[in-house]
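With the sequences and hints as input, model every part of the structure.
2 protein chains.
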Amino acid sequence: MILALDETNVDKAMVIANETAQFLDAIKINWPLVLSGGPEIITRLSDLSDVICDFKVADIPNTVRLIVEGAVSRGASGVIVHAFPGSDSLIAAKEAAGGAEIYAVTEMSHPGGMEFTAKHAEEMALVGIKCNVDGFIAPGTRPDRIRAIRKIAGDKEIMSPGIGTQGGDAMEAIEAGADHVIVGRSIYGSANPREIASELCRRIS
Amino acid sequence: MILALDETNVDKAMVIANETAQFLDAIKINWPLVLSGGPEIITRLSDLSDVICDFKVADIPNTVRLIVEGAVSRGASGVIVHAFPGSDSLIAAKEAAGGAEIYAVTEMSHPGGMEFTAKHAEEMALVGIKCNVDGFIAPGTRPDRIRAIRKIAGDKEIMSPGIGTQGGDAMEAIEAGADHVIVGRSIYGSANPREIASELCRRIS
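Residue numbers (my numbering), protein chains in the order written: chain A, 1 to 205; chain B, 1 to 205.
These are computed hints drawn from the structure, not numbers from a lab.
Please read these numbers as outputs of a predicted model, since none were measured by experiment.
Built from N, CA and C at the ideal position, the CB exists for glycine as well.
It is possible that some hints are incorrect.
A partial selection of chain B residues facing chain A, derived with a Cβ cut-off under 10 Å [unchecked claim]: (1) V15; (2) N30; (3) D59; (4) N62; (5) I67; (6) E69; (7) G70; (8) D88; (9) L90; (10) T117; (11) K119.
As a list, the in silico DSBU-like pairs of lysine-lysine whose alpha-carbon atoms are at most 30 Å apart [unchecked claim]: (12) K119/A - K151/A; (13) K12/A - K156/B; (14) K119/B - K130/A; (15) K130/B - K119/B; (16) K94/B - K151/B; (17) K119/B - K94/A; (18) K119/B - K156/A; (19) K130/B - K94/B; (20) K119/A - K151/B; (21) K94/B - K119/A; (22) K12/B - K94/A; (23) K156/B - K119/A; (24) K119/B - K151/A; (25) K119/A - K119/B; (26) K119/B - K94/B.
See the structure below:
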């Protein structure tokens, strides 16, 4: 289980991370936490858990390289990048990652994701395979889409967000082919993050 | 003229910004500088010039909102977002921007940009118009593509990167419909950024 730590108050974020780390495979953070607390937060969290930087990198190859290098040098174990900027950007991400992992987003789970990304999800997954990414992000709210990406992904990792508050069910996502479920608000927004994390962890293992 | 300050050494970046600001309409920065120097760099640069955060935001609406709010609260005058995550993400960016401007990327100028983005460039520009973005990014290396986006953009701003080292010509881009040219390495990579900025500024005004 991966915690999406979408809390922008750094002190609160650190408390939640401390309380839940023992039940987690990784902590996933996004840019808002870096904008509020500075990039040092990556290093601080990496002392507690693996950190996946969900930076949804979507730039030209040289900028992708600099972002991935920056995240990894701060302690990230993985970086999430978009597949839609194409093969050269994905290859740049893989080359910059060193021992860290690169996960590609193919399809986005919000309504706007249907306008452009859903049309090309399988095609983008194939580009990801060609560029040797380590895994994919597939929507936990749509098990049929996890199944579709699993067919292409082979034995690569699939991580599925949208579990809990957003409506996705952890067991359904895992049965559909997800290796890791990503849980956010249900944990960090609860009065007792530790208890919820422990309970969810027990339920899916 | 906009300076793409793609220098990750914060001290060097500040020196270049100080030397060139008087010739610039804005300074454009990207995530690598935030990852190396912290988000405070946005505020420091905003004392010298308008700052456009070229964050190529490509996320779900709530995360887009948090990123745009974070950048604007640090002093950004504009934020660059991707159009491909769809209308709801663009609307979230506009709502979060307050008085700041939102620019949408339609087509990316690197080779991988042909794989997915170029196919939908006009369509994404139309989504941008519908969501009332303030302007678009169009490749300075391809004047014909600036013309195509100008037809859709009406009187909205067009900013064109890729001028100078990457091969784009400032006057050609302006003649094709760009309001602002974005120059990076030719200025920040030169031995005398001030002189180059002054000369370029004179040439296009």
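May I ask which of the numbered hints given earlier this structure violates, with the numbers listed in increasing order? The structure conflicts with hints 1 and 13, although it agrees with all the remaining ones.
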